[in-house]
Amino acid sequence: MTAAQPAAVRLSRVTRLFDGLAAVSSVSLEIARGERVWLRGWNGSGKTTLLRLIATAISPTFGGGTVLGFDLQTERSAIRARCDLLSHQTRLYEDLTATENLRFACSLYDIDPRLAEGALGRVGLEELAGVRVGKFSQGMRQRLALARCLMRAPALVLLDEPYAALDVDARTVVDELLVTARASGQTVVVASHEAPPAHLVDREVTMDGGRVMTPAGVAPS
Numbered sequence: 071m072t073a074a075q076p077a078a079v080r081l082s083r084v085t086r087l088f089d090g091l092a093a094v095s096s097v098s099l100e101i102a103r104g105e106r107v108w109l110r111g112w113n114g115s116g117k118t119t120l121l122r123l124i125a126t127a128i129s130p131t132f133g134g135g136t137v138l139g140f141d142l143q144t145e146r147s148a149i150r151a152r153c154d155l156l157s158h159q160t161r162l163y164e165d166l167t168a169t170e171n172l173r174f175a176c177s178l179y180d181i182d183p184r185l186a187e188g189a190l191g192r193v194g195l196e197e198l199a200g201v202r203v204g205k206f207s208q209g210m211r212q213r214l215a216l217a218r219c220l221m222r223a224p225a226l227v228l229l230d231e232p233y234a235a236l237d238v239d240a241r242t243v244v245d246e247l248l249v250t251a252r253a254s255g256q257t258v259v260v261a262s263h264e265a266p267p268a269h270l271v272d273r274e275v276t277m278d279g280g281r282v283m284t285p286a287g288v289a290p291s
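Plus 70 on top of the position in the sequence shown (first one is 1) and you've got this note's numbering.
None of these hints come from the bench; they were simulated from the model. Since the structure is predicted, the reported quantities are computational estimates derived from the model, not experimental observations. Heads up, the beta-carbon is just placed ideally off N, CA and C, and yes, glycines get one too. One should not assume that every hint holds.
Claimed, not checked - What follows is a set of in silico ranges between Cβ atoms, one per label pair, in the way DEER data are often shown:
1) 246 with 161: 19 to 29 angstroms
2) 272 with 242: 18 to 28 angstroms
3) 83 with 208: 30 to 40 angstroms
4) 201 with 238: 16 to 26 angstroms
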């Protein structure tokens with residue numbers, strides 16, 4: 071890894087407190103560019119909080135690091151422009167149709183709006199392009215958020231429990247994203263207690279009690 075190609079994620083002793091309790095505790099982690107990582111752990115292990123920290127949705131209480139070469143504290147806008155966090159909070163506008171949501175995203179990220187139709191087709195929502203998102207089920211919203219992510223093709227994709235609420239066909243789309251990430255050089259972190267297909271990830275990182283564990287199951291000192 072050269073100076074011109076820094077790690078996709080480099081965290082140093084990052085801690086996040088909520089009401090005095092550590093949701094993430096002294097996490098040091100490095101993820102290489104283009105790597106596909108399964109962040110495993112049960113509910114409450116700290117996975118979601120760690121993804122939100124990387125995506126700059128929240129700030130560390132202590133510690134710091136870089137994401138795509140940008141400082142986690144002082145260059146948050148640059149990180150957000152190059153990163154997409156896909157979670158249960160889909161950040162969709164209920165009064166807009168599926169197509170309108172994607173075209174709005176195109177205007178925000180300077181993307182060709184003609185890509186919206188193809189993105190809807192990839193997640194099986196082409197027949198619902200003109201339906202307002204307020205009428206969508208949670209699974210359909212997850213599909214649309216995934217379409218937005220596919221359309222943006224960000225350098226770093228953070229997937230929080232991506233298989234939840236998805237049917238078999240939509241799960242296949244998640245797997246396809248992991249396949250195409252390799253060819254496009256994207257970095258993907260899949261936070262889930264459910265294992266992605268083993269051949270689609272490069273390594274796994276385990277969290278427990280807010281800490282990243284070593285292979286032996288012991289948190290680094």
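Against the structure, the hints:
no.	hint	verdict
1	246 with 161: 19 to 29 angstroms	holds (22 angstroms)
2	272 with 242: 18 to 28 angstroms	holds (20 angstroms)
3	83 with 208: 30 to 40 angstroms	holds (36 angstroms)
4	201 with 238: 16 to 26 angstroms	holds (22 angstroms)
Every hint from the earlier list agrees with this structure, and none is contradicted.
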